[in-house]
Structures are given as structure tokens and as C-alpha cells.
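Chains A and B, in that order, are what the protein sequence lines are. Residue 301 in the UniProt record's numbering sits at position 301 of the first sequence, with consecutive numbering throughout. Residue 336 in the UniProt record's numbering sits at position 336 of the second sequence, with consecutive numbering throughout.
Hint data in this document are derived by calculation from the structure and do not stem from the laboratory. Any given hint could be a false lead.
The list treats identical chains as one, so a pair stands whether inside a single copy or across any two.
[What the hints assert, rightly or not] Dumping the calculated SDA-like pairs for lysine to any residue here, alpha-carbon to alpha-carbon at most 20 Å:
| no. | residue 1 | residue 2 |
| --- | --- | --- |
| 1 | K87 | P51 |
| 2 | K87 | D103 |
| 3 | K87 | G97 |
| 4 | K87 | P128 |
Number of protein chains: 2
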Amino acid sequence: MTQPRIILPAGTTETALIDGISAAGAAPELMAHTPSADVEILEFGAPARSPVTPVSPNGCPTPAAVTRAVREVCGFDVTVVDAGLAKPTSVPTVDLGIEPGDDIRDSVAVPDAAAIFDRAHGYGASLPDGEDDIVIGETVPGGTTTALGVLTALGEPTSVSSSLPENPVERKRRVVDEALAASNFTAGDCESAPFDAIRAVGDPVQPTVAGIAAGVLESTPAASVTLAGGTQMVAVAAILRHAGIDAPLEITTTSFVAAEQGEQLESACAALDCELTVTDPGFADHEREHVAMDRYCAGEAKEGVAMGGALSLVPESEMAAVRDQFETVCRRLGIESDGLAERSGFDPGSDTDTPSRAEPE
Amino acid sequence: MTQPRIILPAGTTETALIDGISAAGAAPELMAHTPSADVEILEFGAPARSPVTPVSPNGCPTPAAVTRAVREVCGFDVTVVDAGLAKPTSVPTVDLGIEPGDDIRDSVAVPDAAAIFDRAHGYGASLPDGEDDIVIGETVPGGTTTALGVLTALGEPTSVSSSLPENPVERKRRVVDEALAASNFTAGDCESAPFDAIRAVGDPVQPTVAGIAAGVLESTPAASVTLAGGTQMVAVAAILRHAGIDAPLEITTTSFVAAEQGEQLESACAALDCELTVTDPGFADHEREHVAMDRYCAGEAKEGVAMGGALSLVPESEMAAVRDQFETVCRRLGIESDGLAERSGFDPGSDTDTPSRAEPE
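Just chain A, with the same shape it has in the complex (with noise of 0.2 Å):
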């Protein structure tokens, strides 16, 4: 009787405003309204507070309008937990005192990293039984570079996706060794030490997710949890394993991120013992031609917002009725099957090829 739920920590990062890693070209206060916009699409179908929609200039919706759709199809329930928000959102919030993560190129980027996993332990260890199987997601501007650093850090392979289709991969990898740098690391020197990894090159919600994951597993044996996201997840799983908590772990994430990132996404998730699921909204079988849709099968957005964990919620049966569904939010959220109706406070001048969402996956 009681409906899945997906927990999301949505935050902000100081690392997502590098120019070219992220929404370069659309305004920095766009950006930082990014994740707050998200979980209000994800709660209510439409942004409230928030004064953007996160399209891009191409006409490819967040990530958070494909989780709304199945949403509102299949039914969920959602947490959203401040995991350093830097605008005020109309959604509830779960408050564990987290502030926005700061530039990784500066010598600390989330100063508490180890009192935001402990205090985020504590609410996963909170959560009453029947709330053990639970999906975490995110949204974070910047997630990706964030990742990548942690990888580093942690001297695991390193390998992480883009929203861009063009993925600037190179770029992300100047700025954290930049990042490691400026922390006095190089890579794998946090071996083992994983609140060390994120203090210097991560971001608040890696620490927030894996507390969140940690506290639920070790306070319910019999809990499964499923980290819902691509790279972003994996750099998770990696600091639970790096912390010592060897209890199962699942990676659910798009085929769009999967096709991104073939055999390097399977043996990451191999090397950290963590069972992978990839699913498919099916948006290249379509039956009408949607911008959207299109978007993401060029290899836009492609995850985020726990949206490849919403998609493991859908019988395969009622995944056309989320795709309907997906067109009905997007008409919500001012994209008509063939394009911007409106461009919902974004300014069209912006640079073309880059999304004002940042770097969902």
C-alpha cells in the first residue's frame, strides 16, 4: 500500500560556475537556482520559487521533467534533503546544516565533508522500517568535475559523463588536477580516506548521499539501496567502499549514460562490487517526434535527478504512458513537441550548445 520513495539531496557548488565545465555562458544565478528548480519540477510539476525552468537552448528539458513524468504516472513518494541549496526553494526540505560547496580549486571545497556524512548517517539510521529500500538521487550543478576529482583522490579509474553532448572531459581533468593541487594532493593520495577526497576536491551532496546510504545499511541489514545516477554515483559508491562499508550496493542509471560510457561504466561499477542497472525510457521508439526526446538521444542531459532510478520503477508495460507523460510535462514547463513555446526567464542570446542545467550526470 505504501508507495517507492527516492530520497534526492539537492546542492550547489562554487565548482560548477568554471568556465566551460558547466553552464558557461548562461548566467551564474541561473545555475545556482538550478537544483531548486528541479526538486520543485519533481514535486510539483512545475517550477514555484524558482524563477527558471532548466532547459537548454536546444530545447532539452532537466532531467527532474522525465522523474516528474513517471512520477505522476506510477507514483513515489519524495525526500529532499538541503544538501546546500543557495536559493530558497518552495519544496520541504530535510535541514542537516549543509552549506554550498565551494571552488575545488581552492585548497578546501566542503570544509565539514566528515560531519555532513556523520549527521546524514544519523537520518538514514532514523528512518523507520518499511523506508529500507530506498532510491537516492541528486542534483548538483558541477556533479560531474566533482566526481572526477573524488575518483582521483581516491585513485580509483576515472571515467565520468557530461550533460553536454560534447563531453569536456579534458577540461574537467586540467581543472582538478588544478583542484588536487591546490589541496597539496596528488592523485591517490586519499586512499582510504574519503572525507579527505571530498573536503579537498568534492562537492556537499557526495558526503550527504553516501551518509544517507551508509546510515540505512548498517541500521537495516536487510535494506536495499539503490544510488540513483550515473559517474556521480559511482564516485558515492566509491567512498563507501573507501570508507570501509562493504554491504551491497546498486547503481541504477540511463541508457544515456551507459551508451556515453560503454565498458568503462560496467568495470568501474565491477571494481566496487556494485551491481549496475541501466534503463531505457525508450524515447528513440517514440511514436510521435518530440524535441526532447531527440535531445536526449543526441546525448543531452542524459541523467540526473534520479531519473535512471525512476525508470526502474516503470513495469516496461507503462513506459509509453511515461513517455506521454513526459510531453505533458514538458508542455507544463513551456516545450511544445517541437520546441520552446517560452523560454521560461532563460535569455535566448545565451550561448547555443551549452544547457543552463549544469552538468546533472
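Position chain B relative to chain A; hints supplied.
Below, chain B without anything else, positioned relative to chain A:
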């Protein structure tokens, strides 16, 4: 495709600690947990971070258990607003910066009543289209005493309900008289000045409910707002009318409040131009004996945590399923059909005729 939504401002006040008004005999630190536990039961089906399940020594569980049973059968979204919680909760909340209320016998009970209304108004106005048919409930121990206080200060006919089978209304009147005197007011002095009334003798949940209602109604003229509660919502309706808001209002409450209040409730609603709907869970007709249902039928608890409003979402054909599910929720809370299996933090030696859930209505 989207579900109905219940918005639940939850708060506490020192007024609840007055002897004989609410949970006399239960330890004060338990009573302060009641709203936090209520919202956890509503959101998770059981308490999480809260150390106590609000049930009376007679085995009468908090109305949150009924509202949760409706949710498990019919499904609705929940938005909890922190309207002055004193204890932590695992449930995500909207943070409007609201503190617990003071004792109404102090000169000031809610120092920033007007500012709370303004912030709540902004919140209500921020809700997007599609969120305009809302149900607003409450959970605040001592709430009927502060309702009596505000109604008296506004010069409205005063009759309030109680969670006790024997309503200690004369005791409440004496407290309110003392409270008004402490603020240098007499009955009717705050006519057309509802925030003065709340500031002097109200609680922080009142301006929160009123503000959200006003924000929704003023931003969306076609909106429909249901105030889910009994005489506490009569006080909120009076606050709105005295604030000059003449939009349509509806109060939905339970048959248990209606049975106690009789004509007085109808005439109070009529005087405030407020439609009244009474909902009946059919506990008297349930096919099996259940101590919790018996207690409600005997006049305990009666209303709270949007119970009456939640029941209004239930089609008549589903009401038996709600009762069955209520048995399931009770069992989860340690209440078997013939009584308490465990007392969940309760002192069984405490006063036997006063519920720990203090004054849900």
C-alpha cells in the same frame, strides 16, 4: 494524474503545558514531540526520529494514524510546514523561520504574528498552477485553547472542541481570561486586528495556516482552499475574515467534532461565510471491534492532522478499506484491536484520562 495535496503546518506552544488544558500527566518533553511524531506517522507510517507515538493511555492513537490510513489507501502528497516545531523530525519541512509559541498568559504569545502571516502568504502565493485545490491542516498541542483565545479577542462567538471526552472548556475560558488580561485586552478588543489577537493569545500555527490560505486565494482567484480541522479552523477562518479576506472558504472536519459542537459549529461557520463539510470514517459501523475506533466514538481525539479533510478525499466505496488500513497502521504503532501492545515511550502509570496527544482539536 497528479495527487491531491495536504499542507500541514506543525508547531508547538508553551500554552500546551498549562495544567489541565491539554496533556496534564504526560511529561512535557513528550508533548513537545507530538507534532514531530505526527508528521512522521503521516509521512513514513511510523515515528522516525521522534521517541514517542502519540497515543493515549486508553489506547487512542493520534489522528495522524487515521490520516495516514487514508494516505495509504487513496494517496495524496504532503507538504509539512515548520510552524514552530520544538523537536527534530525526519520529515522534510518548509522553513519559514517560525519559532514555537509562548504561553498565552505571558503578555505576548507570538511576537511576530504579522510577519509569520506575510511569509506564509508569500509561500502560498509561490505555489504553481495545479496546486490551487489544497487542503490545509494543523498539528499543534494546546491548539483549541489558543483558538478560544483568538476567537474571544476577535469578539467572535466562542466554542471550542477538545481531544478529551470531557471538554475542560471552563478551565480554558479561565486561562483565556487570564491571558487577555496579561495583554491588556478584553473580549472583542482585537476586532479587525487579527494579528494583534494572535500576538497576544494565539499560536504560531494560526498565522501560518491563514497566510498560506490567503496567499493561494489571492494569487489564484479560482483556487479552492479547504481548512481541515474543527474549531481551530473556525479561529483561522475568523482571522482571515477579520483581515478583510472575503474569498470562499470551506472547513472540513470530522463527525466527532460535529457531534460535540452541534449547532454551534454550523452557526459559527455560517457567521463567517464558511462552508462546512462533515466527514465520518464510519468507526461505529466497523465490522470488528477495535479499541482505537471505540475511543474515537467515545469522543477522544476527535480531529487533528487534517483527519477530517483527508477523509473527504475518500470515496464512500473505499471507507471500509480505510478502516481496515487504520487497523494496520495501529498495529504498526503497537496498538492491537484490544489495546496497546507496547506503550512506545509512554509511562503507563500516568494519568489515565488524558491523552498524550494534547488537544489535537
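Verification of the hints:
In this homomeric assembly, K87 and P51 come within 20 Å of each other (Cα to Cα) only inside a single copy, at 10 Å, whereas the closest approach across copies is 33 Å. Within a single copy, K87 and D103 get their C-alpha atoms as close as 17 Å, which meets the 20 Å cut-off; across copies the closest is 34 Å, which misses it. Taking the shortest Cα distances, K87 and G97 sit within 20 Å of each other both inside one copy (14 Å) and across copies (15 Å). Taking identical chains as interchangeable, the C-alpha atoms of K87 and P128 lie at most 20 Å apart only when they sit on different chains, with a minimum of 17 Å there against 30 Å within one chain.
No hint from the list above goes unmet by this structure.
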